[in-house]
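Engineer: My request is simple: use the sequences and hints to build the entire structure.
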Amino acid sequence: MYKPFMIAKDLVAASSRPLILSLLAEGESYGYALIQRVRELSHGEMEWTDGMLYPVLHRLEKEGLIESEWRSAESGRERKYYRLSQDGRRAFKAEKQQWLRVHNTLGKLWKLNPVSI
Amino acid sequence: METQSRFDLNNAVAAWRQELAAQTAISLEQARELETHLLDALPDLKQRGLTEEEAFWLARRRLGKPEDIAADFAKGNPGAVWRERVFWIALGALTIHSGLAALNGLVFFVVQLIGLGESSTAFKVVFYFAGIAAVALALWQLSRSNEGAALGWLAKVFTTRTRVALCVGMVVLVSSLGAAVGFWQALVTSALYHQPTGVVIEVLISVFRTALMNLVLPVVLAIFIVRLAPLRSAKS
Numbered sequence: 035m036y037k038p039f040m041i042a043k044d045l046v047a048a049s050s051r052p053l054i055l056s057l058l059a060e061g062e063s064y065g066y067a068l069i070q071r072v073r074e075l076s077h078g079e080m081e082w083t084d085g086m087l088y089p090v091l092h093r094l095e096k097e098g099l100i101e102s103e104w105r106s107a108e109s110g111r112e113r114k115y116y117r118l119s120q121d122g123r124r125a126f127k128a129e130k131q132q133w134l135r136v137h138n139t140l141g142k143l144w145k146l147n148p149v150s151i
Numbered sequence: 009m010e011t012q013s014r015f016d017l018n019n020a021v022a023a024w025r026q027e028l029a030a031q032t033a034i035s036l037e038q039a040r041e042l043e044t045h046l047l048d049a050l051p052d053l054k055q056r057g058l059t060e061e062e063a064f065w066l067a068r069r070r071l072g073k074p075e076d077i078a079a080d081f082a083k084g085n086p087g088a089v090w091r092e093r094v095f096w097i098a099l100g101a102l103t104i105h106s107g108l109a110a111l112n113g114l115v116f117f118v119v120q121l122i123g124l125g126e127s128s129t130a131f132k133v134v135f136y137f138a139g140i141a142a143v144a145l146a147l148w149q150l151s152r153s154n155e156g157a158a159l160g161w162l163a164k165v166f167t168t169r170t171r172v173a174l175c176v177g178m179v180v181l182v183s184s185l186g187a188a189v190g191f192w193q194a195l196v197t198s199a200l201y202h203q204p205t206g207v208v209i210e211v212l213i214s215v216f217r218t219a220l221m222n223l224v225l226p227v228v229l230a231i232f233i234v235r236l237a238p239l240r241s242a243k244s
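Just so you know, the sequences run in chain order A and B.
When the letters of the first sequence are read in order and numbered with the numbering used here, they come out as residues 35 to 151.
When the letters of the second sequence are read in order and numbered with the numbering used here, they come out as residues 9 to 244.
Treat the hints with care, as some may be off.
As the list claims (entries may be wrong) - Here are the simulated DMTMM-like cross-link-like pairs (lysine to aspartate or glutamate), alpha carbons at most 20 Å apart as the crow flies: (1) A:Lys43 - B:Asp48; (2) B:Lys83 - A:Glu103; (3) A:Lys96 - B:Glu37; (4) A:Lys114 - B:Asp16; (5) A:Lys114 - B:Asp48.
Said to hold, decoys possible - Partial pick of chain B residues on the chain A-facing surface, computed with a CB cut under 7 Å: (6) Glu41; (7) Thr44; (8) His45; (9) Glu75; (10) Ile77.
Claimed, not checked - Calculated from the model, a selection of chain B residues having no Cβ within reach of chain A, i.e. all distances over 10 Å: (11) Asp16; (12) Val21; (13) Gln38; (14) Leu42; (15) Leu71; (16) Gly84; (17) His105; (18) Gln120; (19) Val134; (20) Ile213; (21) Ser214; (22) Thr218.
These aren't lab readings, by the way, just hints derived from the structure by calculation.
The C-beta atom is built at its ideal place from N, Cα and C for all residues, glycine as well.
Structural biologist: See the structure below:
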């Protein structure tokens, strides 16, 4: 069934990479906090199951774009914290440029003001 | 109050952990991380007025089905999928090896018991194929079953490359050793009894055929397992 109010799963999957890189560019974080941020930012419009995040994090770590570390939080529970690596910062900038280029291309058709890249 | 006291969070989390453990594409560390996520979600949901039980089920639902998470992990890590397949191949090869040996003994025993003697070839063939079909059916069921938890922990043992290499090495070693022993026996026997060359060649051919079968078996199983248990797609 087509649900026009929800962002399609494929698009969500494609955006998960720049989204995570951008969130981690703001500072180090852990899985649950990342999901909460996505939920806040998208007002729940992105059809994203929480579990989808971890395979993406795993892939980014394998590519060397993010680094992780288990550390105990104030609550005493151990959490896995993620942060961008040097390569990750470069990947974040590259992803941002690519997405803005797509955005500007569509924006021209929709008569929107282009965003400077 | 009644229902709340009956719900035990620790039990519920433990049951969910078991479900995750059955997914070989999810490593122990990843399962641990998913569990901290679930536990992190509970206080927030309870703050919104949900009972502990409701919070648990919602957090679980939000995380998604363990199979779907595993499929997502597997997409980024084909090596893990292959490690799991190799485990089934090794298990299958060992099962068939020992199954056929047992079948051989059983056929011999039954034939002796009934006293069919030399006229029993047809009976032997039927018995053999029935046995092979039973083993194949059992493996097929095993590869399809959702209750992978029973053997999931076993598959988990094979999550590192070294262990898989050891297991495969073992199967190949056993096969080659068996073939080598047969070869040596054939040589010694023919040397002792001064058999004509034709008989020696015949024996050698049969030994080579056995060795080849032993090596081909894991490959055939690999193809079967890949066909029967293809990579699950995340899209449903």
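Engineer: For every hint, state whether the structure bears it out.
Structural biologist: Now for the hints, and whether the structure bears them out:
Pair hint lysine 43 of chain A plus aspartate 48 of chain B does not hold up; C-alpha atoms about 25 Å apart against a cutoff of 20 Å. Simply put, lysine 83 of chain B and glutamate 103 of chain A have alpha-carbon atoms about 24 Å apart, too far for the 20 Å limit, and the pair is violated. The hinted pair formed by lysine 96 of chain A and glutamate 37 of chain B meets the criterion: a straight-line CA distance of about 15 Å does not exceed 20 Å. For the given pair, lysine 114 of chain A sits about 26 Å from aspartate 16 of chain B by alpha-carbon distance, which is inconsistent with the 20 Å threshold.
Proximity of lysine 114 of chain A to aspartate 48 of chain B is assessed by CA-CA distance (about 12 Å); at most 20 Å being required, the pair is judged to hold. The interface hint given for glutamate 41 of chain B is met, as the beta carbon of that residue sits about 5 Å from the closest beta carbon of chain A, less than 7 Å. For the restraint placing threonine 44 of chain B at the interface with chain A, the shortest Cβ-Cβ distance is roughly 5 Å, inside the 7 Å limit, so the hint holds. Look at histidine 45 of chain B: its Cβ gets to within about 5 Å of chain A, closer than 7 Å, so that hint holds up.
A hinted interface residue such as glutamate 75 of chain B counts as satisfied when its beta carbon comes closer than 7 Å to some beta carbon of chain A; here the least separation is about 10 Å, so the hint is violated. With a least beta-carbon distance of about 4 Å to chain A, the hint placing isoleucine 77 of chain B at the interface is held under the 7 Å criterion. With a least CB separation of 19 Å from chain A, aspartate 16 of chain B remains clear of the 10 Å interface cut-off, as annotated. Here valine 21 of chain B stays apart from chain A, with its beta-carbon at least about 13 Å from theirs, past the 10 Å limit.
For glutamine 38 of chain B, the condition that its CB be more than 10 Å from all CB atoms of chain A is violated, with the nearest at approximately 6 Å. Listed as a non-interface residue, leucine 42 of chain B fails to keep its Cβ farther than 10 Å from every Cβ of chain A; the least gap is roughly 6 Å. Not every C-beta of chain A lies more than 10 Å from that of leucine 71 of chain B, the closest at about 4 Å, which undercuts listing it as non-interface. Its beta-carbon lying about 4 Å from the closest one in chain A, glycine 84 of chain B breaks the requirement of being farther than 10 Å from that chain.
Every Cβ of chain A is farther than 10 Å from the Cβ of histidine 105 of chain B; the closest lies at roughly 36 Å, confirming the non-interface assignment. Every C-beta of chain A lies more than 10 Å from that of glutamine 120 of chain B, the closest at about 58 Å, which supports listing it as non-interface. For valine 134 of chain B, the shortest C-beta to C-beta distance to chain A comes to about 49 Å, beyond the 10 Å cut-off, and the non-interface label holds. Look at isoleucine 213 of chain B: its CB is around 49 Å from the nearest CB on chain A, clear of 10 Å, so calling it non-interface holds up.
Non-interface status of serine 214 of chain B relative to chain A is upheld: no Cβ of that chain comes within 10 Å, the nearest being about 49 Å off. With a minimum CB-CB distance of about 43 Å to chain A, threonine 218 of chain B clears the 10 Å threshold, and the non-interface call stands.
Going through the hint list in order, the structure does not satisfy hints 1, 2, 4, 9, 13, 14, 15, 16.
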